[in-house]
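With the hints as constraints, model all of the structure from the sequences given.
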Amino acid sequence: MSVALKIAWRYFFSKSGQTVINRINAIALVVVVVATAALMIVLSAFSGLKEFGLSFSNVFDPDYRVVAAQGKTITADSTLLIELQKIEEIEAVSGILEEKVFLSFKEKNQVAYLKGVGPEYLSVIPADSLVAIGEWLVPGTNTIVAGFGIGADMDLGVYDYSAFLNISIPKKNSSDNFNQNPFFTQQAITIGLYQISEDIDNKYLFCSLDFARDLLQYPKNQFSSIEIKTKRSATPKVMVQKITDLLGDSVVVKNRIQLNTALYKMLNTEHLAIYLIFTLVLIIALFNLVGALIMMILDKKPQMTILRAMGMTQKSMRHTFFLLGMLIILFGGGIGIFISSIVILIQQWNPFIYVPGTSLPYPVIWEFENLILVTTTLIVLGSVASAWASRGAKS
Numbered sequence: 013m014s015v016a017l018k019i020a021w022r023y024f025f026s027k028s029g030q031t032v033i034n035r036i037n038a039i040a041l042v043v044v045v046v047a048t049a050a051l052m053i054v055l056s057a058f059s060g061l062k063e064f065g066l067s068f069s070n071v072f073d074p075d076y077r078v079v080a081a082q083g084k085t086i087t088a089d090s091t092l093l094i095e096l097q098k099i100e101e102i103e104a105v106s107g108i109l110e111e112k113v114f115l116s117f118k119e120k121n122q123v124a125y126l127k128g129v130g131p132e133y134l135s136v137i138p139a140d141s142l143v144a145i146g147e148w149l150v151p152g153t154n155t156i157v158a159g160f161g162i163g164a165d166m167d168l169g170v171y172d173y174s175a176f177l178n179i180s181i182p183k184k185n186s187s188d189n190f191n192q193n194p195f196f197t198q199q200a201i202t203i204g205l206y207q208i209s210e211d212i213d214n215k216y217l218f219c220s221l222d223f224a225r226d227l228l229q230y231p232k233n234q235f236s237s238i239e240i241k242t243k244r245s246a247t248p249k250v251m252v253q254k255i256t257d258l259l260g261d262s263v264v265v266k267n268r269i270q271l272n273t274a275l276y277k278m279l280n281t282e283h284l285a286i287y288l289i290f291t292l293v294l295i296i297a298l299f300n301l302v303g304a305l306i307m308m309i310l311d312k313k314p315q316m317t318i319l320r321a322m323g324m325t326q327k328s329m330r331h332t333f334f335l336l337g338m339l340i341i342l343f344g345g346g347i348g349i350f351i352s353s354i355v356i357l358i359q360q361w362n363p364f365i366y367v368p369g370t371s372l373p374y375p376v377i378w379e380f381e382n383l384i385l386v387t388t389t390l391i392v393l394g395s396v397a398s399a400w401a402s403r404g405a406k407s
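Going letter by letter, the sequence shown gives residues 13 to 407 in my numbering.
Hints are computed from structural coordinates only; laboratory data are not their basis. It is possible that part of the hints are untrue.
Stated by the list, open to error - Below, computed lysine-lysine pairings styled on DSSO-like, alpha-carbon distance capped at 30 Å: (1) Lys266 x Lys98; (2) Lys249 x Lys277; (3) Lys241 x Lys98; (4) Lys232 x Lys254; (5) Lys266 x Lys84; (6) Lys277 x Lys243.
As the list claims (entries may be wrong) - Computed beta-carbon distance windows for the label pairs: (7) Ile94 x Val150: 22 to 28 Å; (8) Leu357 x Gln315: 40 to 46 Å; (9) Leu275 x Val170: 26 to 32 Å; (10) Ser262 x Gly346: 51 to 57 Å; (11) Tyr125 x Val367: 43 to 49 Å; (12) Trp361 x Ala399: 38 to 44 Å; (13) Gly152 x Ile94: 19 to 25 Å; (14) Ile354 x Asp172: 51 to 57 Å; (15) Leu284 x Gln315: 42 to 48 Å; (16) Asp167 x Phe350: 28 to 34 Å; (17) Val150 x His283: 41 to 47 Å; (18) Trp361 x Thr87: 34 to 40 Å; (19) Gln326 x Asn70: 38 to 44 Å; (20) Phe350 x Thr317: 19 to 25 Å.
Bear in mind that the values here come from a model prediction, so they are computed numbers and not experimental data. We treat Cβ as the ideally placed atom computed from N, Cα and C, and that holds for glycine.
Next up, the structure:
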């Protein structure tokens, strides 16, 4: 242990002869504890909210989706899908037909997205578990499962045989004859209502792949996309390369982040804004540290004269008070991180704070990345504050 560190260590644990100096030092330590704990708790709370928000889209989105690089459809026969299923990293594969359609039911109209899925879709997305009323699709029938939002807006009833839901799309080769109906229409029966989130519930309805193919008039080997569920041990780069090698350069493989680019950008921007705001709070809190170090320098002025006479350089004296500031930062930050981690873990495993007006516990997640971010921020800003305050250490 160097002489400067020994002296700084003694200054940190020993009390000054002046009560006001001791109180200033104590306040500086407490402020560092509170600011560090606040930053850690807020970042963990945002991580919880982020995970909670993404849980809705993650339920609906597959691990990977294969789409056409150009155009609306990709061509893949049953043999190609079987070969895709044989890739080691892939657990399940499902061809999808998706198109914007016009809905009509008992004088109510709405535009929505029709998503045609086969029986293997449930191996990719457990959509049947999302059905709140009724049941999942029956293969080979003209049944549909709609979102709660669509059902509410159009007054759709489950197993309502008094009227059919009309699903229409523009005809591909419609003439300019005004007397000819430009739409191709199929009728369907609602047998289930699912509930995920407001946006999705108002946007999608599911039908069987055969029904969607008949309505959209697509050949049997054409799909809007291919959705894939991967194994946990899957290596993304290797798997994407294998898919591209099999299907060619005419397709693009997108993961969940790429499927929700706008959402992830928004969340990352909010995370940065929250981090900067509370970093500013930490910077303001470190002014207390600067004041405490300056008062310590003034209080130890007589001792510094003696140390200088004993051969201690001015650089070493500055280094001493720099280390004193870092000790306050490390001890205060360590205590703050410890207290905040306990609070976060208690809320995570045994909630005691709930969203106002609900029985939903406030989501928080303790993450190692947040710990590293808070520690790095504290050390960097603390080093700057300690270096700036220790410049006044002169005998």
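Tested hints:
1. Lys266 x Lys98: holds, 19 Å
2. Lys249 x Lys277: holds, 22 Å
3. Lys241 x Lys98: holds, 13 Å
4. Lys232 x Lys254: holds, 24 Å
5. Lys266 x Lys84: Measuring from Cα to Cα gives roughly 15 Å; hence the hint holds.
6. Lys277 x Lys243: holds, 26 Å
7. Ile94 x Val150: 22 to 28 Å: This hint holds: roughly 25 Å between Cβ atoms.
8. Leu357 x Gln315: 40 to 46 Å: Holds: the Cβ-Cβ distance is about 44 Å, inside 40 to 46 Å.
9. Leu275 x Val170: 26 to 32 Å: With Cβ atoms ~31 Å apart, the hint holds.
10. Ser262 x Gly346: 51 to 57 Å: Distance hint for Ser262, Gly346 holds at roughly 56 Å.
11. Tyr125 x Val367: 43 to 49 Å: violated, 31 Å
12. Trp361 x Ala399: 38 to 44 Å: holds, 40 Å
13. Gly152 x Ile94: 19 to 25 Å: Given a distance of about 21 Å, which is inside 19 to 25 Å, the answer is holds.
14. Ile354 x Asp172: 51 to 57 Å: 54 Å Cβ-Cβ, so the 51 to 57 Å window holds.
15. Leu284 x Gln315: 42 to 48 Å: holds, 45 Å
16. Asp167 x Phe350: 28 to 34 Å: At 56 Å between Cβs, range violated.
17. Val150 x His283: 41 to 47 Å: With Cβ atoms ~44 Å apart, the hint holds.
18. Trp361 x Thr87: 34 to 40 Å: violated, 50 Å
19. Gln326 x Asn70: 38 to 44 Å: Check failed, 59 Å falls outside 38 to 44 Å.
20. Phe350 x Thr317: 19 to 25 Å: Given range 19 to 25 Å: violated, Cβ gap about 39 Å.
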